[in-house]
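Q: Residue numbers (this note's numbering), protein chains in the order written: chain A, 1 to 649; chain B, 1001 to 1426.
Just so you know, these hints were derived from the structure itself, not from any lab.
Among these hints, one or two may not hold up.
[Said to hold, decoys possible] Derived contacts from chain B toward chain A, CB cut-off under 7 Å, selection only: (1) Gly-1320; (2) Arg-1414; (3) Glu-1418; (4) Arg-1421; (5) Glu-1422; (6) Pro-1423.
Heads up, the beta-carbon is just placed ideally off N, CA and C, and yes, glycines get one too.
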Amino acid sequence: MIIKKRYLCWCIALLIATLWTGAFAQNHPYKESDLISVLQSDAAKGDKAITCKRLAIYGTEKSVPALAPLLSDKELASWARIALEAIPGTSADTALRNALGNLQGRLLVGVINSIAVRRDVGAVDTLLQKLDDVNASVASAAAVALGHIGGEKAAKALTKSLANAPVGVRSAVAEGCILCAERFLAHNRTAEAVKLYDTVRKADVPDQRHLEAIRGAILARQSAGLLLLIEQLRSEDKKRLGIGLRTARELPGRNVTEALAVELNRLNPDRRSLLLLALADRSDSAVLPIVQKTAQSGPKELRITAINILIRLGDVSCVPVLLEAATEDDAELKQAAMETLVRLPGKDVEADILARLPQAKGKLQQVLIELAGQRQINKALPAVVLSLHNNDAEIRGAAVRTISIIGQDQQTPDLVKMLENTQNSSERAGIRKALLAISGRCGAKCIPHLKPLTQSRDNELHMIGLHALAIVGGSDALAAVKSAIENAEPPVQDEAVRILSNWPYNWPQDSEAGQALLMLVTSAKKMPHHVLGLRGYLQYIRGNKKLSNERKVAKIKDMLSHIKRPEEKKQAIAVLGEAPSASALELLTTLAEDPAVVEEAYSAMVRIAGKDISGVSRDQRREVLQTVAEKSRNDGTRQRARKTLSKLR
Amino acid sequence: MCKERMGLNRRRFLKTAVQAGVCLSVPQFIPGTALGKSGSVAPSERIRLGAIGIGNRGRYVLGCFLREPDLRCVAVCDVRGDNRRRAKDQVDTINGDKQCATYIDMRDLLARDDIDAVLIATGPNWHVTAATMAAKAGKDVYCEKPCTKNIAQSLTLADVFRRTARVFQAGTQRRSLPNFAYAIELARTGKLGKLQTLHAHPGGLGTKMSGWVAPEPEPPREKVDWDMYLGPAAWRPYTRKLMNAFHFEKGGGLVGGGCLEWGSHCVDLCQLANDADDTAPVEYEPVNGQLHARYANGVKLIMRNDGWLPLGSCPVRFEGETGWVETGDDAEFGASSQSLLLRRGTKIPGYPADFHVRDFLDCVKTRALTRANADAACWAHIACHAANIALFLNRKVKYDPKKNEFIGDEQANRLRSEALREPWRI
Chain A
1 MIIKKRYLCW
11 CIALLIATLW
21 TGAFAQNHPY
31 KESDLISVLQ
41 SDAAKGDKAI
51 TCKRLAIYGT
61 EKSVPALAPL
71 LSDKELASWA
81 RIALEAIPGT
91 SADTALRNAL
101 GNLQGRLLVG
111 VINSIAVRRD
121 VGAVDTLLQK
131 LDDVNASVAS
141 AAAVALGHIG
151 GEKAAKALTK
161 SLANAPVGVR
171 SAVAEGCILC
181 AERFLAHNRT
191 AEAVKLYDTV
201 RKADVPDQRH
211 LEAIRGAILA
221 RQSAGLLLLI
231 EQLRSEDKKR
241 LGIGLRTARE
251 LPGRNVTEAL
261 AVELNRLNPD
271 RRSLLLLALA
281 DRSDSAVLPI
291 VQKTAQSGPK
301 ELRITAINIL
311 IRLGDVSCVP
321 VLLEAATEDD
331 AELKQAAMET
341 LVRLPGKDVE
351 ADILARLPQA
361 KGKLQQVLIE
371 LAGQRQINKA
381 LPAVVLSLHN
391 NDAEIRGAAV
401 RTISIIGQDQ
411 QTPDLVKMLE
421 NTQNSSERAG
431 IRKALLAISG
441 RCGAKCIPHL
451 KPLTQSRDNE
461 LHMIGLHALA
471 IVGGSDALAA
481 VKSAIENAEP
491 PVQDEAVRIL
501 SNWPYNWPQD
511 SEAGQALLML
521 VTSAKKMPHH
531 VLGLRGYLQY
541 IRGNKKLSNE
551 RKVAKIKDML
561 SHIKRPEEKK
571 QAIAVLGEAP
581 SASALELLTT
591 LAEDPAVVEE
601 AYSAMVRIAG
611 KDISGVSRDQ
621 RREVLQTVAE
631 KSRNDGTRQR
641 ARKTLSKLR
Chain B
1001 MCKERMGLNR
1011 RRFLKTAVQA
1021 GVCLSVPQFI
1031 PGTALGKSGS
1041 VAPSERIRLG
1051 AIGIGNRGRY
1061 VLGCFLREPD
1071 LRCVAVCDVR
1081 GDNRRRAKDQ
1091 VDTINGDKQC
1101 ATYIDMRDLL
1111 ARDDIDAVLI
1121 ATGPNWHVTA
1131 ATMAAKAGKD
1141 VYCEKPCTKN
1151 IAQSLTLADV
1161 FRRTARVFQA
1171 GTQRRSLPNF
1181 AYAIELARTG
1191 KLGKLQTLHA
1201 HPGGLGTKMS
1211 GWVAPEPEPP
1221 REKVDWDMYL
1231 GPAAWRPYTR
1241 KLMNAFHFEK
1251 GGGLVGGGCL
1261 EWGSHCVDLC
1271 QLANDADDTA
1281 PVEYEPVNGQ
1291 LHARYANGVK
1301 LIMRNDGWLP
1311 LGSCPVRFEG
1321 ETGWVETGDD
1331 AEFGASSQSL
1341 LLRRGTKIPG
1351 YPADFHVRDF
1361 LDCVKTRALT
1371 RANADAACWA
1381 HIACHAANIA
1391 LFLNRKVKYD
1401 PKKNEFIGDE
1411 QANRLRSEAL
1421 REPWRI
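Chain A on its own, in the form it takes in the complex (with noise of 0.2 Å):
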């Protein structure tokens, strides 16, 4: 029993093991002593920085030892430091430390920035040292670690530098001073901040540096910092005014927009579109009326900003501002109102328009009702179907767009109506355009309403009805549409005719069509019938996916004594090329007799033979494809052929 027992224990153990070490080597797919081993052997470099990169992942302190050396090496000191940077522990920061005294150049300067990247506070008072390096990539590099690291030590030598190191390491300086303050910022030393932007501010540093420091200088102010900016905002000096326009985005507070709001009005007009957009950019709630007050009254292109910036900032409020400048004279004025009332957020806005709607006259009435359309405002479909009636024509222009957009079936009567009223062309166009777009909205419902246009005696009303009759489709709207092909009349004929060809609607549904088209084909008694119905017919086969290519390639085949012009014989190509069989190849062979569409065919004969057809043997496709290789004039298909070919043999 004890041996059981223990035995059981024994089992529980070794399956804990294993899972753990199975675990464990999921995690760690190398050996930490492996890699160590590469590094001391003999090994070459390639394999010894592979293993440094491995060892950032999976190293411990016990790797240090190993990295050290490589330090010194200039083809690997870059490898191993990938990997100390890494290494979590004193000993990485102790080995880069040490390695400080040892090294110089440029493998001294990987050192120093590794330090920076690891914030060795311990490396501080070598660093300090070697600020006065001789070496100005050396001081430099020094600089910008010390900010990094930060502290009063750090700071203080910094500042002590800035006065007296050599040009060439100054601008690294001045970076460090920068780096540092950001540091006592963040941790709320804010009079110390101030003071090391202060310094650079002053400082003989390229140009930059006092930019970042006039940033820093004026963002750790906050509120007090608003005197700073203001004067960027006035310089003459371009890039202190951008300073200015970026803080002016970023520097907090109420007071701040309202002071910037009254130097909205000082400044010149060049740059008060600039410290507008920067204001728009504040997101304080004291901005919006700003903006609203700039887009009612002022110069036109302020007012145009303002007007844009509308739609981000603006909301219900800004209607009336922007129905204002909508009903203006001025184009570009409008325009961009328009722009932004129909972007404004909020279905508040939807509301406030909807309760305008009613009670609009003129120019307000023709922005209201676009605006419904363009923001899709079901609701307003009552007051637009009212203005269809209205006495001015852009009135009733902009609801038969709207309803071109919002409009459903039960609209389809009234614009019906409006069309048999009005022989005005443009007004027919827009009519025409809203009776196609509803009757590819609301489809089959329409037909009772489209109908009676098709018994109408004014050609062109007769036209519309048909063409939006098909957009619908199905068997209704194709019997108007043959039935037009037998009217008295020639221009309606010939619309039909035109319509049948493209009948692109519910393919294959609308199968009847192909019968339709077949009947042109072979009795149309006017040549251009004759070529629609062809090309339609041929594309109703080409897209028809209830035929096998097979039947496809037979009914051509039955049609080819009808197709004589090589434009439709390139049409019936193009249909046998998309339906690979032994019996198309073979079509084409034939087809390929007419100079006309000789390269047509071979382009097709290549893209079938490229296929593995049944009933097309491996010798019969390399034939066809010699054929082409040798005769044909297009480059790219001789090219095609053979590259083909080739991949046969």
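Keeping the supplied structure of chain A fixed, place chain B upon it in accordance with the hints.
A: Same frame as chain A, but now just chain B:
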């Protein structure tokens, strides 16, 4: 690793400014007099550009810059002689003279006081180092993506551009294209209902460690400056195979994979759709060839290669409680309802960078945040790097975007940064 930031309400500024970027179909109207883009522009009003790293992609973006009337390119820089010559020809042809200067070492270009802005289109290995050097030299920066090689660099990028107050635009130009912006607007304005899941297609998910290839004889410096080519990357001998800057050291220590190459676009768009330009997902998990991430607000981010509608490369899909929208580089849409697409606006396929370049130049003048500013780029890249780390370690990782560390995962934490080769620093 936890970065101590200045006590400034950056998020507030970022939110408002980015909102401006989302309203794309109506560009901000800024007077021509302020921007100097109306009609002919006086030479003194033109932005003076230097272009760094001008291979194929660089010359394409440079072409977008050169089309802008208020810009003059005055210098180009590349470690490769053939690239320098081609870029100079391109610039001189537009300028109508032979004055475009050429440099091998970008430090010489950055030292010029008469250059306002730089285009950085080197390989990803150099991007963040060059960008931060340029900012410290007082230049505004348009930088190709992926902009950073790891999480620490992403944070430093944001810090440096905040500190220097320079304008930064990541080359994630899809932020400036109407179809992507429209899809994002649908997601952000609640048109899809409460946002549930975002899908991104960083084609070719997967990672591997970067290596050291067998050496070849090093060409003369005039032809290839290998030391400058390596730049901040750990040293290795010259090999022509590594000269494809486009792929060299992409993704930092975790070279390869779509996380950075494509994710910096499509994950970035998901970030914007989720109003997450100042954060990143908090969980990342490889699941059956996909990468599933989750934001703190509960929204899921799925990075996957398959199952996309045929809408072109770099597709994204945003799903809410009541609807979904999908779009890609063809600028077409798929949506749960056609009514969602009524105001989709202009179709601009082929992901041109012109609009993005224009946004950058406008911001150079207004000092506003660009659409793909350094903070937005920082967080989008962090999301990509964290995903890459989860894929590399092949396990779920949890990330704390406030502390910028992986929770209880030392290996993942060690992958957040990597030492730069001497003498480079950021």
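Q: For each hint given before, does the structure comply? Return the numbers of the non-compliant ones in rising order.
A: Hint check: 1 fails alone, others pass.
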